[in-house]
Amino acid sequence: MDNANFIVRFLTWLMTFDRKALILAASAIGAGFAMIAGIGPGVGQGYAAGKGAEAVSINPKASKQATMVMLLGAAVAETSGILALVVALILLFGNPLVTQQGAVLILAASAIGAGLSMIAGIGPGIGQGYAAGKGTEATGRRPQYQSNVVRAMFLGQAVAQTTGIYALIISLVLMFANPLVRLL
Amino acid sequence: MGYTWDIQVKIFKYTLIAAAVFAGCSALFLEKPLPFIYALIFGTLIGILNFRNLALTLEKAVKMTPGQAQVYAGSRYFIRYMINGIVIFVSIKADYLNVLGAVLGLFLIKFVVVVTNLFNDINFFKRIFIRKEEE
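Just so you know, the sequences run in chain order A and B. Take UniProt numbering: the final residue in the first sequence is number 184, and no numbers are missing along the way. Take UniProt numbering: the final residue in the second sequence is number 135, and no numbers are missing along the way.
Since the hints were made in silico from the structure, they are not lab data. Only a predicted model underlies this, so the values are computations on that prediction, with no experimental measurement involved. Any given hint could turn out to be false.
[Stated by the list, open to error] Listed next, the in silico PhoX-like pairs over lysine-lysine satisfying Cα-Cα at most 20 Å (straight line):
| no. | chain 1 | residue 1 | chain 2 | residue 2 |
| --- | --- | --- | --- | --- |
| 1 | B | K93 | A | K64 |
| 2 | B | K93 | A | K61 |
| 3 | B | K32 | B | K93 |
| 4 | A | K134 | B | K63 |
| 5 | B | K10 | A | K134 |
| 6 | A | K134 | A | K64 |
| 7 | B | K32 | A | K61 |
| 8 | A | K134 | A | K61 |
| 9 | B | K63 | A | K64 |
| 10 | A | K64 | B | K32 |
With the hints as extra help, turn the sequences into a complete structure.
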């Protein structure tokens with residue numbers, strides 16, 4: 001009866017592979033998932049640039065200040081993309097799971113989980129880009145309040161980054177200090 | 001040089017100072033500091049070049065229509081993303097570079113941007129600690 005269950009058959013089939021091959025295959029999937037986070041900053045920076053163009057067209061006299069705010073905001077919006085890249089490249093070229101002891105299924109699932117958790121980087125990327133865009137727009141409208149706008153924008157961006165850092169922590173824990181292996 | 005050159009120079013200066021401080025600390029506290037310092041310099045320089053590229057991209061993007069600017073800035077972001085990927089890949093592969101140093105170098109400019117703009121007004125923070133009754 002068990003043999004009829006697809007999941008059991010799939011897991012049994014997986015177990016026929018070499019331990020290292022299974023972990024490396026899972027790492028490849030994890031690295032691919034982690035790279036999805038690269039979408040976030042791309043969308044965010046594009047939005048900021050669009051808002052910058054809009055702000056300059058509304059108030060061309062404030063173009064210098066608006067571009068400055070956009071530059072600073074867009075630079076910060078890139079952060080979560082780089083974090084995802086770091087995790088993906090660690091999974092590909094410095095994989096710590098291959099040499100770890102423990103159940104192969106848990107290690108392989110951890111590799112996929114480490115990559116999946118980095119998808120959370122989309123949020124901060126888009127959010128920070130949105131903040132940069134709105135900051136640029138606000139500076140274009142009222143250039144005399146530039147320093148206040150910039151401070152509020154960075155405060156918002158710093159808070160928005162926290163979920164990306166949580167994702168990175170979970171990803172690094174799964175790779176380097178996996179608590180699940182010890183539970184078995 | 002573009003009209004954001006002044007702020008770029010300011011940020012580059014602070015980033016190089018921060019990198020020097022980190023390099024000094026690593027020389028004092030790490031057993032083998034050279035791979036970390038090399039990687040830090042490598043990451044910081046690429047971070048600075050990426051920031052310069054971002055500035056040039058955005059200076060050009062503001063002269064476009066919003067739709068064009070979105071596509072242009074998004075496509076240039078993926079070029080910088082690939083450059084970052086190459087830097088991290090090289091630092092993982094090369095024994096003489098410490099990957100943590102390279103990642104720190106790449107992020108240093110972001111920290112400098114946030115810190116120099118968030119904590120640049122002491123009065124703002126002084127006001128937080130002043131009780132309303134004292135005003």
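Straight-line alpha-carbon gap K134 (chain A) to K63 (chain B), limit 20 Å: Distance of about 18 Å is within 20 Å: holds.
Restraint status (C-alpha distance of K10 (chain B) to K134 (chain A) at most 20 Å): Roughly 24 Å between the alpha carbons, so the hint for K10 (chain B) and K134 (chain A) is violated.
Hint consistency between K63 (chain B) and K64 (chain A) [alpha-carbon to alpha-carbon, up to 20 Å]: Satisfied, since the Cα-Cα distance of roughly 12 Å is no more than 20 Å.
Hinted pair K64 (chain A) and K32 (chain B), Cα distance within 20 Å: Measuring from Cα to Cα gives roughly 45 Å; hence the hint is violated.
Holds or violated: K93 (chain B) to K61 (chain A), with C-alpha atoms at most 20 Å apart: Roughly 49 Å between the alpha carbons, so the hint for K93 (chain B) and K61 (chain A) is violated.
Pair hint outcome, K32 (chain B) versus K61 (chain A) [Cα-Cα no greater than 20 Å]: 53 Å, violated
K32 (chain B) paired with K93 (chain B) [C-alpha distance capped at 20 Å]: 18 Å, holds
Pair hint outcome, K134 (chain A) versus K61 (chain A) [Cα-Cα no greater than 20 Å]: 18 Å, holds
Distance restraint between K93 (chain B) and K64 (chain A), which requires alpha-carbon spacing of 20 Å or less: 41 Å, violated
Pair hint outcome, K134 (chain A) versus K64 (chain A) [Cα-Cα no greater than 20 Å]: 16 Å, holds
Checked against the numbered hints above, the structure violates hints 1, 2, 5, 7 and 10; every other hint is satisfied.
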